[in-house]
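Visitor: With the hints as your guide, set chain B onto chain A.
Just so you know, the protein sequences line up as chains A and B, in that order.
Just so you know, we're using the working numbering here: the first sequence kicks off at 262 and counts up by one.
Just so you know, we're using the working numbering here: the second sequence kicks off at 262 and counts up by one.
Don't take each hint at face value.
Because identical chains cannot be distinguished in the list, a pair is counted as satisfied if it fits within a single copy or across any two copies.
Said to hold, decoys possible - Below, a list of computed lysine to any residue pairs in the SDA-like style, where the Cα atoms sit at most 20 Å apart:
1) Lys427 with Glu478
2) Lys389 with His345
3) Lys389 with Arg499
4) Lys389 with Asn343
5) Lys354 with Val393
6) Lys354 with Phe386
7) Lys427 with Pro305
8) Lys282 with Arg328
9) Lys354 with Arg395
10) Lys389 with Arg276
11) Lys398 with Leu353
12) Lys398 with Phe379
13) Lys398 with Arg336
14) Lys354 with Asp444
15) Lys354 with Glu445
In case anyone wonders, no lab produced these hints; they're calculated from the structure.
Protein chains: 2
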Amino acid sequence: MIRNYRMLIQYDGTRYNGWQKQGDTSNTIQYKLEAILEHLTGSPVEVHGAGRTDAGVHARGQVAQFRMDTELSERAICEYFNTHLPDDIGVLKVQEASPRFHSRYNASSKYYLYRIAFDKELHVFDRKYVYVFRGGKLDVPAMRRAASFLEGEHDFRSFCGNPHMKKSTVRTLYSVSINEEGDEIDIGFVGDGFLQYMVRILTGTLIEVGEGKRTPESMTELIEARSRILAGPTAPARGLTLMEVRYQ
Amino acid sequence: MIRNYRMLIQYDGTRYNGWQKQGDTSNTIQYKLEAILEHLTGSPVEVHGAGRTDAGVHARGQVAQFRMDTELSERAICEYFNTHLPDDIGVLKVQEASPRFHSRYNASSKYYLYRIAFDKELHVFDRKYVYVFRGGKLDVPAMRRAASFLEGEHDFRSFCGNPHMKKSTVRTLYSVSINEEGDEIDIGFVGDGFLQYMVRILTGTLIEVGEGKRTPESMTELIEARSRILAGPTAPARGLTLMEVRYQ
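Bound conformation, chain A alone:
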């Protein structure tokens, strides 16, 4: 009987070309998972991820879904994955879902975290997961003010890395929260969906606000301009982690 499964996945994205299969590259998370299911069932199985993380981006709470004809238990499928996956990808849970469940279309929001550290702090144990910013201290209150202009429903074309994007670039950012702890600044983004590189371009722009290169108020005209070249640089992938995908 064909069942629909939902899975919860973690990965250290450092070694991978992102979530999505692209052309014939096999070095993607999606490919690794599909290869294991094909090995298990003898026929191709497509795995749909909720968030299509870019090359080098990590996940602590990626959700994916696949349909498979099997009598194996959820636990057995989960163990089969973990026996065959490399150490830097782990499946936390496999659960049967309703036949209509789709990991991406049904997601109500996603939570991404971008971690910025400063050169004083060395982060031997998590330097693969933080962006070490060498430009000095950032003005966090100014970044918070800028973040408040970014929250809400907007056309985020200025923050979209794909210049040929034909579909709508309107998204809702429910919250952009900036936490400072010791020598680290973490920016949490919760939204209904994110365009290509959107979190990293938002981060690169907020860093420029923190450096005093932009005013918090300039976010409004930046959004209105709908032009990628007016926004800040794309912050490096290593600092970004998909933390959670939420369903209502």
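Guide: Using the frame of chain A, we list chain B on its own:
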């Protein structure tokens, strides 16, 4: 002018043969640090670590000391280290110390943490730093009772990995604290000094108490026996981290 320096170091021990130079192996933390200072000054400099961590053991707060004839600032020496060290070793601080300061002889206590996880938890992001125990649940209250018998000044010869140890094997364990959080058990050891493999043999023995293979009360006779073969196995290096070296 020859000055005495104290430094604070972190490392991921996975790739290394421990702290101490042994024979002609260059794959040790001590060797890496000394090679950089020799490169800087043009002559050999000896670096003395407070804790001689074993192969595969990590450190978040190792302290070391060296004497060097230099006019460079503390900050410049620190930056020189970090420019030349691989990513998995970091120097957090370099400070001039009093001429008589010795990182090992002056240490009043050391704090080691051993992390045990269970197979349900996958730990993609820190699996290099935990020992994944596959033998089922452990009886934590029994482990805590056993730990209370280990605390205090004892001859820890039963927990010494070096059968040819000629010096005193008497040490004081100030505290052995066991914390359970989710699917992880952490054992913190604070003592005035530790014998070779001592923390790992204590951990292996406490795990056997948690499995019901030993009683908490049997710790007393085990200490009195002064015999390594009566203690539990040496727990794997990956779960162990030197957290802090304290000076009075």
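Visitor: All the hints need checking, so say for each whether the structure fits it.
Guide: Taking the hints in turn, this is what the structure says about them:
1. Lys427 with Glu478: Intra 28 Å, inter 72 Å, cutoff 20 Å: neither.
2. Lys389 with His345: Between copies, since 18 Å is at most 20 Å while 24 Å is not.
3. Lys389 with Arg499: both (6 Å within a copy, 19 Å between copies)
4. Lys389 with Asn343: between (22 Å within a copy, 16 Å between copies)
5. Lys354 with Val393: Answer is between; shortest inter-copy Cα gap is 17 Å, intra-copy 32 Å.
6. Lys354 with Phe386: between (26 Å within a copy, 16 Å between copies)
7. Lys427 with Pro305: neither (30 Å within a copy, 64 Å between copies)
8. Lys282 with Arg328: Cα proximity of Lys282 and Arg328: one copy only (18 Å, versus 55 Å across).
9. Lys354 with Arg395: between (39 Å within a copy, 18 Å between copies)
10. Lys389 with Arg276: Both: 10 Å inside a chain and 16 Å across chains, each within 20 Å.
11. Lys398 with Leu353: Intra 37 Å, inter 18 Å, cutoff 20 Å: inter-copy only.
12. Lys398 with Phe379: Within one copy, since 8 Å is at most 20 Å while 40 Å is not.
13. Lys398 with Arg336: Classified as between: cross-chain Cα gap 18 Å, same-chain 47 Å, threshold 20 Å.
14. Lys354 with Asp444: between (34 Å within a copy, 14 Å between copies)
15. Lys354 with Glu445: Cα proximity of Lys354 and Glu445: across copies only (17 Å, versus 31 Å in one copy).
Consistency with the previously given hints fails for numbers 1, 7, ordered from lowest to highest.
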